[in-house]
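Student: Okay, here's what each chain looks like letter by letter:
Protein chains: 4
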Amino acid sequence: MTARSHNYTLMPKNTFLNLPDEKRTLIEDVAMQEFAEFGFANASINRIVANAGIAKGSFYQYFANKGDLFQHILARISQEKLAYVTPVLQSPTQHDFFTLLQELFRVGLAYAKNNPIAGYVGFEIIKNQNIDELQELFQSYRTSGIEFYKSLLLQGIARGELDPDIDLDFVGHMLLELQLASFNYYFNVINHGSLDPEDWGDDFMPIINKMIQFIKNGVQAQTETLNSTGVLSQ
Amino acid sequence: MTARSHNYTLMPKNTFLNLPDEKRTLIEDVAMQEFAEFGFANASINRIVANAGIAKGSFYQYFANKGDLFQHILARISQEKLAYVTPVLQSPTQHDFFTLLQELFRVGLAYAKNNPIAGYVGFEIIKNQNIDELQELFQSYRTSGIEFYKSLLLQGIARGELDPDIDLDFVGHMLLELQLASFNYYFNVINHGSLDPEDWGDDFMPIINKMIQFIKNGVQAQTETLNSTGVLSQ
Amino acid sequence: MTARSHNYTLMPKNTFLNLPDEKRTLIEDVAMQEFAEFGFANASINRIVANAGIAKGSFYQYFANKGDLFQHILARISQEKLAYVTPVLQSPTQHDFFTLLQELFRVGLAYAKNNPIAGYVGFEIIKNQNIDELQELFQSYRTSGIEFYKSLLLQGIARGELDPDIDLDFVGHMLLELQLASFNYYFNVINHGSLDPEDWGDDFMPIINKMIQFIKNGVQAQTETLNSTGVLSQ
Amino acid sequence: MTARSHNYTLMPKNTFLNLPDEKRTLIEDVAMQEFAEFGFANASINRIVANAGIAKGSFYQYFANKGDLFQHILARISQEKLAYVTPVLQSPTQHDFFTLLQELFRVGLAYAKNNPIAGYVGFEIIKNQNIDELQELFQSYRTSGIEFYKSLLLQGIARGELDPDIDLDFVGHMLLELQLASFNYYFNVINHGSLDPEDWGDDFMPIINKMIQFIKNGVQAQTETLNSTGVLSQ
DNA sequence: CATGAATGAGCTTTCATTCAT
DNA sequence: GATGAATGAAAGCTCATTCAT
Chain F
1 MTARSHNYTL MPKNTFLNLP DEKRTLIEDV AMQEFAEFGF ANASINRIVA
51 NAGIAKGSFY QYFANKGDLF QHILARISQE KLAYVTPVLQ SPTQHDFFTL
101 LQELFRVGLA YAKNNPIAGY VGFEIIKNQN IDELQELFQS YRTSGIEFYK
151 SLLLQGIARG ELDPDIDLDF VGHMLLELQL ASFNYYFNVI NHGSLDPEDW
201 GDDFMPIINK MIQFIKNGVQ AQTETLNSTG VLSQ
Chain B
1 MTARSHNYTL MPKNTFLNLP DEKRTLIEDV AMQEFAEFGF ANASINRIVA
51 NAGIAKGSFY QYFANKGDLF QHILARISQE KLAYVTPVLQ SPTQHDFFTL
101 LQELFRVGLA YAKNNPIAGY VGFEIIKNQN IDELQELFQS YRTSGIEFYK
151 SLLLQGIARG ELDPDIDLDF VGHMLLELQL ASFNYYFNVI NHGSLDPEDW
201 GDDFMPIINK MIQFIKNGVQ AQTETLNSTG VLSQ
Chain Y
1 MTARSHNYTL MPKNTFLNLP DEKRTLIEDV AMQEFAEFGF ANASINRIVA
51 NAGIAKGSFY QYFANKGDLF QHILARISQE KLAYVTPVLQ SPTQHDFFTL
101 LQELFRVGLA YAKNNPIAGY VGFEIIKNQN IDELQELFQS YRTSGIEFYK
151 SLLLQGIARG ELDPDIDLDF VGHMLLELQL ASFNYYFNVI NHGSLDPEDW
201 GDDFMPIINK MIQFIKNGVQ AQTETLNSTG VLSQ
Chain X
1 MTARSHNYTL MPKNTFLNLP DEKRTLIEDV AMQEFAEFGF ANASINRIVA
51 NAGIAKGSFY QYFANKGDLF QHILARISQE KLAYVTPVLQ SPTQHDFFTL
101 LQELFRVGLA YAKNNPIAGY VGFEIIKNQN IDELQELFQS YRTSGIEFYK
151 SLLLQGIARG ELDPDIDLDF VGHMLLELQL ASFNYYFNVI NHGSLDPEDW
201 GDDFMPIINK MIQFIKNGVQ AQTETLNSTG VLSQ
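Protein chains in written order, with this note's numbering: chain F, 1 to 234; chain B, 1 to 234; chain Y, 1 to 234; chain X, 1 to 234.
The hints are simulated quantities; they were obtained by calculation from the structure and are not laboratory data. Computed from a predicted model, the values in this text were never measured in an experiment. It cannot be assumed that every hint is accurate.
Estimated spans, in silico, between C-beta atoms of each pair [unchecked claim]: (1) B:132 / F:53: 46 to 56 Å; (2) X:135 / Y:209: 49 to 59 Å; (3) B:87 / F:222: 51 to 61 Å.
Only pairs whose alpha carbons sit at most 30 Å apart, straight line, appear in this in silico DSBU-like list of lysine-lysine [stated by the list, open to error]: (4) X:66 / Y:150; (5) F:66 / B:216; (6) F:150 / B:216; (7) Y:66 / B:56; (8) Y:66 / X:66; (9) X:210 / Y:216; (10) X:23 / Y:216; (11) B:56 / F:210; (12) Y:56 / B:56; (13) F:56 / F:66; (14) Y:210 / X:23; (15) B:216 / B:81; (16) Y:150 / F:66; (17) F:210 / B:66; (18) Y:216 / X:216; (19) F:113 / B:23; (20) Y:210 / F:56; (21) F:66 / X:56; (22) F:56 / X:66; (23) B:150 / F:210; (24) F:150 / F:113; (25) Y:23 / B:56; (26) F:56 / X:210; (27) Y:216 / F:66; (28) B:210 / F:216; (29) B:66 / F:150; (30) F:150 / B:81; (31) X:113 / X:23; (32) Y:210 / X:150; (33) Y:150 / X:216; (34) X:113 / Y:150; (35) X:56 / F:23; (36) Y:56 / B:66; (37) F:56 / Y:66; (38) F:216 / B:150; (39) X:56 / X:150; (40) Y:210 / X:216.
Heads up, the beta-carbon is just placed ideally off N, CA and C, and yes, glycines get one too.
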């Protein structure tokens with residue numbers, strides 16, 4: 001009774017984690033490459049096992065299904081990103097909002113630059129939430145990202161750095177979207193969509209600075225007088 | 001004979017356009033629904049022909065393949081949107097940048113509200129450009145959108161409405177992303193992802209106004225004094 | 001809307017029935033053989049298509065799934081049996097219960113003798129109702145059989161041929177079981193389980209007569225006196 | 001070494017029997033449940049070991065294969081049933097045929113009522129002999145059952161209780177089938193196929209009595225006069 | 001111009017069993 | 001004696017596309 005349906009359904013990984021590092025990493029890398037190249041829907045387990053040199057049966061001893069593998073890959077990416085967290089981000093209360101934001105974006109792009117495939121997969125995934133079976137997972141990544149932004153915004157408002165009238169939820173969403181957009185811009189415009197690490201330019205700080213400037217002041221000319229409706233007078 | 005081999009190579013549509021309106025529209029609607037429900041990768045031609053009540057062979061006389069159908073659907077959506085273009089957008093030189101931007105966003109959401117499935121498909125698609133065979137197509141949609149934003153930005157700078165130091169290309173990208181984000185926010189947050197027209201709230205102007213405000217002034221606290229409505233006083 | 005999910009799900013057969021007779025019959029025969037040899041659970045569609053010389057994809061254009069094929073096979077068997085219905089069974093009111101019963105059993109075995117594989121499949125199937133997805137189907141076959149027996153029993157009672165105190169439902173069940181048992185006895189004991197038509201003996205009337213006798217009078221010695229409890233006195 | 005290769009060939013059980021009682025019983029229970037739920041063909045060793053919490057390799061040290069396990073389960077059920085044998089059945093020569101038969105059926109149903117899963121498995125299995133690899137086993141269970149009935153019949157004839165003209169072999173088969181049918185009737189009609197012990201009604205004696213009556217006298221109307229209770233008057 | 005049967009490669013997943021530790 | 005990772009054949013089923021009529 002208690003024995004029924006135990007470690008059979010919650011499968012997420014288990015045996016996979018005990019694999020020799022080399023083999024485990026190989027499988028992850030192959031899978032990541034597959035997801036990056038074909039997207040989740042078109043990723044083929046056949047190809048993955050072939051490229052990783054493992055038996056198809058073995059795959060299913062590591063992961064419950066394709067979604068499970070994918071989830072694991074995302075988790076690994078999330079965790080790897082933690083290694084990039086810098087002193088600035090570790091003490092968020094000691095810096096102003098825009099410094100923190102700049103650091104956040106910088107760290108995101110730095111990770112992506114050093115791990116283009118992982119970065120790309122992580123990016124694609126948050127962007128595309130239209131995979132039914134994984135919607136919840138994606139939503140949770142999005143939500144936690146937005147919540148983090150909202151906490152930063154709150155702090156910024158409290159310190160008088162930010163306009164207190166902004167809609168926290170709305171702006172939180174937009175910051176997440178703009179972070180993704182920064183990746184998109186860097187990846188597609190600067191690097192022309194290449195996943196080859198060699199093609200990734202070194203200097204993404206200009207992009208980030210433009211982004212911060214954009215978020216900080218918007219695009220309006222600064223010197224103009226404003227009428228009471230907030231619409232520019234001539 | 002020659003006509004036949006013609007049909008066969010330049011396939012994009014041709015025979016399809018001569019169909020009775022009702023049949024053609026049915027096929028389009030079914031396809032749109034399919035793409036909305038399953039995404040491009042998982043959309044099934046089998047299901048489409050079954051749901052549209054046409055023969056499998058007929059489908060391939062209308063379209064070269066799934067991508068061709070998809071391209072057609074997108075083109076139809078693009079064209080339908082034109083019907084929403086308002087006087088304001090038809091004479092862009094007579095309005096200031098933020099008015100135009102507001103109108104652009106408003107029109108986009110109005111179309112989506114009245115055609116949720118089409119709106120969703122059009123949105124998802126621009127967002128997800130990771131479908132290899134359609135990348136070029138998506139890119140062209142993006143590019144033309146961005147170019148349009150850039151032309152607006154240029155005009156705004158020329159008039160002194162906008163900060164002349166912005167990077168046109170960068171900001172153009174961001175505006176496109178933010179437009180998509182406005183849809184995303186409206187669709188996922190306000191309407192909780194439902195495609196049912198009945199669930200779609202009526203009032204998206206607050207979202208647009210927040211967006212315009214965000215783009216205009218950013219989030220930084222203004223040194224000017226603010227009245228209680230958050231509108232700048234002189 | 002109406003077009004959705006039409007002839008896509010109710011699949012039972014459709015295209016299959018339009019096949020050239022020869023091909024259709026071949027597939028049916030191969031399938032019947034497969035079911036007879038391996039049972040439903042172990043029957044392999046791979047083997048069936050290989051033995052029938054058709055493509056796997058074709059199979060699924062004929063049948064929705066294995067259960068659908070099976071259902072069709074059973075329906076064919078049911079229908080074929082109708083050809084065996086004799087004048088006696090066509091005018092049931094004109095014969096006494098035991099004559100009808102004898103004829104029913106005779107016809108059942110005659111069909112099975114001439115179509116051993118079909119007979120065996122039909123028999124196995126009613127017997128084994130533990131295939132989840134087909135339980136309803138089997139139950140309906142059983143139920144209609146039992147209902148028919150019950151109607152015969154009622155008529156027999158009305159005519160004074162049968163003990164009016166019997167439990168109709170119970171006896172109906174038992175008659176069905178005994179008919180299956182007659183097949184079982186004939187098939188396994190007399191023919192030693194061979195499906196080869198050549199091994200099937202000619203004369204199953206002795207079995208039927210014993211069965212009728214058993215059902216008619218039971219096994220009790222007929223001459224004994226009975227005490228009031230119906231238990232034999234010494 | 002030699003001991004090891006011994007274990008390996010005569011596999012049926014051996015190492016399994018030395019297991020701590022609790023573990024052994026758990027495995028048996030899990031297996032029984034699996035067979036009851038999925039039938040033999042669809043029973044999964046994967047699921048069994050998972051649900052029993054044992055290693056896959058261990059399973060194959062206990063049993064040669066699925067059939068071996070199954071055989072063991074059947075043997076256990078057979079043995080458990082022995083505990084239900086009553087004084088009446090222990091001294092068969094001291095009771096008349098119908099008393100013995102009634103007791104046999106009663107004991108069978110009593111066991112099934114107290115051990116629904118085991119009862120169901122034992123029943124299903126004897127009923128379905130179309131599992132190639134186990135046919136011999138099933139046949140032997142059937143044969144020994146039939147032989148026992150035949151011995152009872154012989155004794156009954158010798159005592160003048162039974163019609164001396166019956167075909168022993170035939171009637172023996174039918175009695176076995178009717179015993180299974182009584183289970184079938186009780187299980188499917190009375191308990192509606194539920195394996196939940198709580199759903200099993202208490203009173204199966206009416207069924208048995210109808211069965212005895214059926215076997216004793218058949219269904220033909222008696223020429224003797226009947227009192228209103230349906231019990232024969234002298 | 002319409003049809004829809006035919007195709008076989010491909011899909012994800014489960015299987016019973018082996019064997020090195 | 002116990003383990004559980006490894007295996008690859010096989011399962012049922014869907015796919016986009018072709019082509020003869």
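Student: Mind checking the alpha carbons of residue 66 of chain X and residue 150 of chain Y for me, to see if they're no more than 30 Å apart?
Tutor: 41 Å, violated
Student: Could one say that the CB atoms of residue 87 of chain B and residue 222 of chain F fall in the range 51 to 61 Å?
Tutor: Violated, since residue 87 of chain B and residue 222 of chain F (Cβ atoms, about 31 Å apart) do not stay within the stated range.
Student: Starting from residue 210 of chain Y, check that the Cα of residue 216 of chain X is at most 30 Å away, please.
Tutor: Holds - the C-alpha atoms of residue 216 of chain X and residue 210 of chain Y are around 15 Å apart, at most 30 Å.
Student: For the pair supplied as a hint, residue 56 of chain F and residue 210 of chain X, confirm whether the alpha-carbon distance does not exceed 30 Å.
Tutor: 57 Å, violated
Student: Given the proposed pairing of residue 56 of chain X with residue 23 of chain F, does the C-alpha separation stay at or below 30 Å?
Tutor: 23 Å, holds
Student: Please verify whether residue 113 of chain X and residue 23 of chain X have alpha carbons no more than 30 Å apart.
Tutor: 25 Å, holds
Student: Just to be careful, I want the Cα atoms of residue 56 of chain B and residue 210 of chain F compared with a cutoff of 30 Å; is the pair within it?
Tutor: 52 Å, violated
Student: Can the suggested window of 46 to 56 Å be confirmed for the beta-carbon pair residue 132 of chain B and residue 53 of chain F?
Tutor: 25 Å, violated
Student: For the pair supplied as a hint, residue 66 of chain F and residue 216 of chain B, is the alpha-carbon distance within the 30 Å limit?
Tutor: 44 Å, violated
Student: For residue 150 of chain B and residue 210 of chain F, compute the direct alpha-carbon distance and say whether it is at most 30 Å.
Tutor: 16 Å, holds
Student: Need the status of pair residue 56 of chain Y, residue 56 of chain B: alpha-carbon distance at most 30 Å?
Tutor: Measuring from Cα to Cα gives roughly 18 Å; hence the hint holds.
Student: Given the hint that residue 216 of chain Y pairs with residue 216 of chain X, test it: the Cα-Cα distance must not exceed 30 Å.
Tutor: 10 Å, holds
The structure fails to meet hints 1, 2, 3, 4, 5, 10, 11, 14, 16, 17, 19, 20, 26, 27, 29, 30 and 39 from the earlier list, while all remaining hints are met.
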